[in-house]
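First to last, the sequence lines map onto chains A and B. Under this note's numbering, the first residue of the first sequence carries the number 35, and numbering increases by one thereafter. Under this note's numbering, the first residue of the second sequence carries the number 206, and numbering increases by one thereafter.
Derived by calculation from the structure, the hints in this document are not laboratory data. We put the CB at the ideal spot given by N, CA and C, even for glycine. Each hint should be verified, as a subset may be incorrect.
[Stated by the list, open to error] Derived DEER-like restraints, expressed as beta-carbon distance ranges:
id	chain 1	residue 1	chain 2	residue 2	range
1	A	L510	B	T228	22 to 30 Å
2	B	R387	A	N448	56 to 64 Å
3	A	L510	B	G398	37 to 45 Å
4	A	S433	B	S352	57 to 65 Å
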Amino acid sequence: MSTTKTADGRSKTGAAPVAPSDTAHYLAELARVRAPGRSPGSSLDASLDASLDSSLTTWLDPIRDAAMRRFSELGFPTVRDEEWRKTSVAPIAKARFGLQTATATQPARGLTAADIARLSFDAAECHQIVFVNGVHAPELSWLKPLPAGVVLCRLEEAVARHRGLVEPFLARLANPADRAFTALNTAFLRDGLFLHLPDESVVPEPIHLLFVTQPAPASAGGAAIMTHPRNLIVAGPGSRASLVESYVGPQESEQTAGFTNAVTEISLARNAVLDHYSLQRHGQAAFHVATTQVRQERSSRYTSHAISLGAALARYDIDVVLAEEGAECTLNGLYMTAGRQQVDFHTTIDHARPNCVSRELYKGVLDGHSRGVFNGKIIVRTDARGTDSIQANRNLLLSADALVDTKPELQIFNNDVKCKHAAAIGQLDEKALFYLRSRAIGLEAARSLLIHAFVSDIVGRISVEPLREALETLLLARLPEYSGVKEAAL
Amino acid sequence: MLEIRNLHATAGGKTILRGIDLTVNASEVHAIMGPNGSGKSTLAHVLSGRDGFEVTQGEVLYQGRNLLGMPPEERAREGVFLAFQYPVEIPGVSNMYLLKAGLNAVRKHQGLPELDAMDFLELVKEKMSLVEMDQTLMNRSVNEGFSGGEKKRNEIFQMAVLAPKLAILDETDSGLDIDALRIVAGGVNALRGPGRAMLLITHYQRLLDYIVPDKVHVLFNGRIVKSGGKDLALDLEKKGYAWIEEEVSRSQPVVS
Numbered sequence: 035m036s037t038t039k040t041a042d043g044r045s046k047t048g049a050a051p052v053a054p055s056d057t058a059h060y061l062a063e064l065a066r067v068r069a070p071g072r073s074p075g076s077s078l079d080a081s082l083d084a085s086l087d088s089s090l091t092t093w094l095d096p097i098r099d100a101a102m103r104r105f106s107e108l109g110f111p112t113v114r115d116e117e118w119r120k121t122s123v124a125p126i127a128k129a130r131f132g133l134q135t136a137t138a139t140q141p142a143r144g145l146t147a148a149d150i151a152r153l154s155f156d157a158a159e160c161h162q163i164v165f166v167n168g169v170h171a172p173e174l175s176w177l178k179p180l181p182a183g184v185v186l187c188r189l190e191e192a193v194a195r196h197r198g199l200v201e202p203f204l205a206r207l208a209n210p211a212d213r214a215f216t217a218l219n220t221a222f223l224r225d226g227l228f229l230h231l232p233d234e235s236v237v238p239e240p241i242h243l244l245f246v247t248q249p250a251p252a253s254a255g256g257a258a259i260m261t262h263p264r265n266l267i268v269a270g271p272g273s274r275a276s277l278v279e280s281y282v283g284p285q286e287s288e289q290t291a292g293f294t295n296a297v298t299e300i301s302l303a304r305n306a307v308l309d310h311y312s313l314q315r316h317g318q319a320a321f322h323v324a325t326t327q328v329r330q331e332r333s334s335r336y337t338s339h340a341i342s343l344g345a346a347l348a349r350y351d352i353d354v355v356l357a358e359e360g361a362e363c364t365l366n367g368l369y370m371t372a373g374r375q376q377v378d379f380h381t382t383i384d385h386a387r388p389n390c391v392s393r394e395l396y397k398g399v400l401d402g403h404s405r406g407v408f409n410g411k412i413i414v415r416t417d418a419r420g421t422d423s424i425q426a427n428r429n430l431l432l433s434a435d436a437l438v439d440t441k442p443e444l445q446i447f448n449n450d451v452k453c454k455h456a457a458a459i460g461q462l463d464e465k466a467l468f469y470l471r472s473r474a475i476g477l478e479a480a481r482s483l484l485i486h487a488f489v490s491d492i493v494g495r496i497s498v499e500p501l502r503e504a505l506e507t508l509l510l511a512r513l514p515e516y517s518g519v520k521e522a523a524l
Numbered sequence: 206m207l208e209i210r211n212l213h214a215t216a217g218g219k220t221i222l223r224g225i226d227l228t229v230n231a232s233e234v235h236a237i238m239g240p241n242g243s244g245k246s247t248l249a250h251v252l253s254g255r256d257g258f259e260v261t262q263g264e265v266l267y268q269g270r271n272l273l274g275m276p277p278e279e280r281a282r283e284g285v286f287l288a289f290q291y292p293v294e295i296p297g298v299s300n301m302y303l304l305k306a307g308l309n310a311v312r313k314h315q316g317l318p319e320l321d322a323m324d325f326l327e328l329v330k331e332k333m334s335l336v337e338m339d340q341t342l343m344n345r346s347v348n349e350g351f352s353g354g355e356k357k358r359n360e361i362f363q364m365a366v367l368a369p370k371l372a373i374l375d376e377t378d379s380g381l382d383i384d385a386l387r388i389v390a391g392g393v394n395a396l397r398g399p400g401r402a403m404l405l406i407t408h409y410q411r412l413l414d415y416i417v418p419d420k421v422h423v424l425f426n427g428r429i430v431k432s433g434g435k436d437l438a439l440d441l442e443k444k445g446y447a448w449i450e451e452e453v454s455r456s457q458p459v460v461s
């Protein structure tokens, strides 16, 4: 079987199986950055650097080494793997990426606070933590005062200073054993966000975590940048916070196509509430793989809003385990693609215990030759009586060449449940278009109105207002003749 | 105002209009009546520019210009308005916005400045009272969850705001109870006036009790087979469409 690549590096025909040898250069890259005398991380002060170096070699290394071995064994998934049947990652497996090392360049070189402001939302009222090419940029980050006992810091710092808070959860929620990308991320595990919320603590401002990919510096041999952000959120009983993960890359150049492979682990204790946003707007040549693993205890509430706009290939795995009675989760999603973009959402909601509630609504707008996959797995365990689950995936195809695969996957092992699911694929309503045009509204504006109306309920669910407005602006900018369209929304 | 000459049209390969000739002058109200399947709604759709119909012969001049060459939005901007038989529900788009965008598109086309929010609101209030429409409907999605009567009133209200030169009312009476019919007809009558032509398309005569036309035409099998004054509608009401059918078959014997 042969794989032909199009100009943007996307696999066009059926993918060739990826041999485990494709994983070898990751091992080499790992060895390179671990070489003595190079400090891979950046931190606020030298004393921390020293403590990091010593601590990193103590308890984390076996985990990372095991993950690297596991990744070498697993190799990249192929389309023969059930979970990857519709999406070939051959373009990622074939490409070569390099890690940004802190010593190679100043992490935030060329990026000013004004640039960040453009990539962020109106963020004055949030905590903002910025990483550039995977390396923390302290000069672009800030924290507001935090309630007593709350730990909000870089994961690297937490590994060194808060081992007792980190170790029981890190790499235990997201399992590297059977997932290649999680194994790979764990092998390169270094930095990201750590948030610990003690009992009944509330962080009122949103926590904005911004990962920026910049073109690779010449000193890195021109290799495209890879990053493996790792985030860990441990929410104690009755705590509450909202987290925004943004991924942004350069919009123009294909050569700078980076590879982001993020893993976010979330543990919610009883009655904890987390509102979680993820906004991906890489350039059109980037690769983005993101895994979110959530474990919910009694009566906790988790809401996810996943918005995917950029990247040549974006794959999301969102797994929620409703591990104790009365837990509730809501998964909202929106993907908008054009050109030859591919986006793939695999979500799993595991109703493990009785009387849990899940709500899921994903919407897609696909134009050009783009392709979308939605696979929504709902598991209802034998024990999970009183499960209440509703899932819907709705897609709008704007071109005859766009394609979407949607698959609800229900595994129900208890009869005392309410489970509903719906999947729909359609085009813009011709009758509605004509109605608008008959009221003097031009064709392009009418199309924009209807597209906007289609996505507006997902956007409306975003409760961080400046984020909602920023997203609205981003979406409107993609619609032709959009002036005034915003007004049309209800 | 409107001149239809020898108009032939097909839909899905099937010939529906077979040579319509009709002239409507400014300020006139014409009723087009006919049995189901005679081509009434097709005529309305061809005039307003809906996709799915092919004009195979003939032409339509509107204010001396080729109407059929204009996309639907240009027709609307030039002053053609279609009141739909089945108004479309558009979730997520507000009624208020639709009207404002539409009105401003018309004004821009006429070289007029956009209406500011206050003036627009004033206009909306005035025109809503014309059809006794509940103001809360304005902030809802277009036609979503409206009753049949509310939808039809909304059509006439939109017509009042957009102030067209040529209004085509497609079966505006269908599905209305007598009170709603009276309100809708009252709205239409208030909009009659110099410079505005109307084409009422209807199956039943009862609408014409409330909106008295200047001329009545009977459409049958894609052609206008009879034209007359308002009394023609009363004859139709008494004798039914079968009477027309007989007349047509007598005057056009089948040639073998």
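* Asked: Failing hints, ascending?
  -> 1, 4
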